[in-house]
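Q: So you can see what is in the structure, the chains are spelled out below.
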Amino acid sequence: MTAHRIMIVDDELDFGTTLAERLELRGFAAKAVGGAEEAMAALAAGWCPDVVLLDLMMPGVDGLATLDLIKQHDPGIQVIILTGHGSTESGIIGMQRGLFDYLMKPVDIGELIARINEAGAK
Amino acid sequence: MNKPLFRAANYPLFCGLSDRDLCPKARYRCMRNSLLIVMLAITLIPLAITSGLNFIQYQQLLRDDSQANARWNAESARATITAYLEKLEAAITVVIDTHTFEDLSDSNRLEHIFRQLKKEHQGLVDLSVVGPDGIQSAYVGPYRLAGKDYSDSLWFHKALARRMYVSEVFTGFRNVPHFVVAASKKDPYSEQYWVLRASIDTETLDRFLALADTEALEDIFLLNDSGILQSGSRYHGEAMKNFQLTRKPKQNDILISEEMRGGSNFYRAVSRIPNTPWLLVLDQQGAEARKIWLIFKERLLLTLTLCFLVSGGVVVWLSRFLAGQFREADETRDTILSETEHSNKLASIGRLAAGVAHEINNPLAIIGEKAGLMQDLIGLDREFRHREKFLDQLASLQNAVVRARTITHRLLGFARRMETSLTLVQLNDILKEVLSFLEKDAAYRNIHVILQLQADLPVIRADHGQLQQVFLNVINNAIDAIRSDGEIHITSRRENHKTVMVAVSDTGPGIAPEILKNIFEPFFTTKGNEEKKGTGLGLSITYGLVQKMGGKIEVSSEVGVGTTFIITFPVYSEGSEGEINDRA
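Note that the protein sequences, when read in sequence, are chains F and D. Per my numbering, residue 3 is the first one in the first sequence, and the count goes up by one each step. Per my numbering, residue 278 is the first one in the second sequence, and the count goes up by one each step.
Rather than coming from a laboratory, the hints here were simulated on the basis of the structure. Built from N, CA and C at the ideal position, the CB exists for glycine as well. Incorrect hints may appear among the rest.
Claimed, not checked - On the chain F side, residues computed to face chain D include the following (Cβ under 7 Å):
| id | residue |
| --- | --- |
| 1 | T20 |
| 2 | L21 |
| 3 | K73 |
| 4 | E91 |
| 5 | S92 |
| 6 | G122 |
| 7 | K124 |
Claimed, not checked - Computed footprint of chain F on chain D, listed as stretches where at least three residues anywhere in the stretch have a Cβ under 8 Å from a Cβ of chain F:
| id | stretch |
| --- | --- |
| 8 | 334-345 |
| 9 | 647-658 |
| 10 | 710-719 |
As the list claims (entries may be wrong) - Restricting the straight-line Cα-Cα distance to at most 25 Å, the calculated cross-link-like pairs of lysine to aspartate or glutamate (DMTMM-like) are:
| id | chain 1 | residue 1 | chain 2 | residue 2 |
| --- | --- | --- | --- | --- |
| 11 | D | K709 | F | E120 |
| 12 | D | K364 | D | E352 |
| 13 | D | K717 | F | D110 |
| 14 | D | K666 | F | E23 |
| 15 | D | K647 | F | D16 |
| 16 | D | K717 | F | E40 |
| 17 | F | K124 | D | E764 |
| 18 | D | K717 | F | E39 |
| 19 | F | K73 | D | D706 |
| 20 | D | K525 | D | D502 |
| 21 | D | K717 | F | D70 |
| 22 | D | K709 | F | D70 |
| 23 | D | K825 | F | E40 |
| 24 | D | K647 | F | D13 |
| 25 | F | K73 | D | E366 |
| 26 | D | K647 | F | E113 |
| 27 | D | K425 | D | E366 |
| 28 | F | K124 | D | D762 |
| 29 | D | K717 | F | E113 |
| 30 | D | K364 | D | D410 |
| 31 | F | K124 | D | D718 |
| 32 | D | K709 | F | E91 |
| 33 | D | K666 | F | D52 |
| 34 | D | K717 | F | D16 |
| 35 | D | K709 | D | D653 |
| 36 | F | K124 | D | E716 |
| 37 | D | K647 | F | D70 |
| 38 | D | K829 | F | E91 |
| 39 | D | K647 | F | E40 |
| 40 | D | K425 | D | D410 |
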């Protein structure tokens, strides 16, 4: 199985980079960006992920708006919300907009990888 | 604007003095007593006044009636005596007009006339002719009075002076009380007056007066202006006895006066009998002595006593009831205020908790990831000197992160159930939304979710988010119960015209009856030994939310077969809105 390309969009860069490093240790190609603009710039530059791990509460463009931008760019990219500010409502709204899954921080790495693999296999 | 809420016990009307000094129990007792006094006054005072007025009014009516009755009886007796005398006078007038002195001085002729008169006029004792010199020239009667000289008698002179004269009662030569009706006539030859005289005994008067006897009549008698009884009296003795009147009427008036005798009152009617020297005196019982008055007093007293007892009883009951209701209302109000305050506090705590949880989750995630990366790196470096010790420490750190995460997630769940916003929702849509959230987890565990949703399910009025939480909890529980490899059947349908229901059945291990009965109680959990420890709040919160939205949740389970949760909600209609709002 080919290792999936993972983009982590989170304004907490310390979290994003650490998680990216851990995923890379597990054979994924991972990239951490600090917000929607950086993410869209990376996509435009041709760094195309299979799965995006997206924070919900970010300054400027929030997670759900970023989800819409990513889906507009490439509907095939699977997005998993990974947030500390989760609520049932935002999860359901995300699901309705093509979200693959919704996870609450802090998350167990094993569970996260299982979801990433499911999303990547879709 | 802070308008103070009504609180019955705070009103001084009910407590008189400041209620601050009284304990709550004494305050309501005081209120009850005040209500009792006020209501007793309101009901009994008008009753007493009305009864008093009735008493006085009826007494006055009876007095008026007694007076009228006395007057009527007096008039009636006077008319009887007058009629008797007028008839007798008319007869004597006829006799004297149709005969001469010589004619009537003939004893046989006089006797014949006497017999004729006696037939018509009861009480007639004798008939005589008295000449101008006062010597009785002829006499027919039971006494030996022929030849008697009446020249010194008052009646003789009065008879001579008038054409017709009725005398006072006197005893005369016969020594028996009697009166005379005498007519005089001028002899055409001698041009002197002679007299035809008829004597009537007083028993005749007594008989006539006795005709006036009625229930209320005390005494009736005749009296002359000098105070000599002209007839027998029940209280003042026989004829010729003395009795003085305090007041006498003028002319033909009837004088009514109220007198006291032996502690009881009576009415005295006094009237003059025309063309006689007599006064008719009639004594009649006063109103207070009459039987009808005694009956009225007895009935009034009985009615009043009954009314007092019934009103008193009702007022006592009502004051107790009202004080109880006030107390209950105050307590309910206090409870509602306290609950609202508590609820507001909880909502504030909820918002605070949510904020804290959100803010903590991010640094917690960084700690978790950093620790995880360290674990990864140390795990890869088999040469690292303190590898095992570091891995142990990092595992502890991860455990602490997991514990902290459980707490923050719990806080978020607590915060989520605080706020309510009612909208019209379609249960099928909610179920599909929730399932979209859970189906991956279910699929991951090889659990098949089978839906049987009624297409035209009526809408209900509920909080969208809370409804999602309800079904999330129930379906999550089903997934947790099955763990892996099983089925969840979700059915929705309209039960009747008032309710819709959703049934969630799982093929899990089922729940033992002793656990089932406690399943909705707060902090009751069966997940204690498992890795994912339950808070014991999930189903309790679910139960509370369903109740709050006007619904009902029931559970049935069979060990080894599975568990079914049935949740029913009232169908939305104009009428049901208020009920749900009240609960919300």
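Q: Now look at each hint and say whether the structure bears it out.
A: Results of checking the hints against the structure:
no.	hint	result
1	T20	4 Å, holds
2	L21	5 Å, holds
3	K73	16 Å, violated
4	E91	6 Å, holds
5	S92	11 Å, violated
6	G122	14 Å, violated
7	K124	10 Å, violated
8	334-345	violated (count 0)
9	647-658	holds (count 6)
10	710-719	holds (count 5)
11	D:K709 x F:E120	21 Å, holds
12	D:K364 x D:E352	18 Å, holds
13	D:K717 x F:D110	17 Å, holds
14	D:K666 x F:E23	23 Å, holds
15	D:K647 x F:D16	9 Å, holds
16	D:K717 x F:E40	30 Å, violated
17	F:K124 x D:E764	24 Å, holds
18	D:K717 x F:E39	30 Å, violated
19	F:K73 x D:D706	24 Å, holds
20	D:K525 x D:D502	8 Å, holds
21	D:K717 x F:D70	21 Å, holds
22	D:K709 x F:D70	22 Å, holds
23	D:K825 x F:E40	46 Å, violated
24	D:K647 x F:D13	16 Å, holds
25	F:K73 x D:E366	144 Å, violated
26	D:K647 x F:E113	17 Å, holds
27	D:K425 x D:E366	23 Å, holds
28	F:K124 x D:D762	22 Å, holds
29	D:K717 x F:E113	13 Å, holds
30	D:K364 x D:D410	28 Å, violated
31	F:K124 x D:D718	15 Å, holds
32	D:K709 x F:E91	14 Å, holds
33	D:K666 x F:D52	37 Å, violated
34	D:K717 x F:D16	29 Å, violated
35	D:K709 x D:D653	39 Å, violated
36	F:K124 x D:E716	15 Å, holds
37	D:K647 x F:D70	30 Å, violated
38	D:K829 x F:E91	24 Å, holds
39	D:K647 x F:E40	23 Å, holds
40	D:K425 x D:D410	11 Å, holds
In the structure shown, a violation is registered for the earlier hints numbered 3, 5, 6, 7, 8, 16, 18, 23, 25, 30, 33, 34, 35 and 37, in ascending order.
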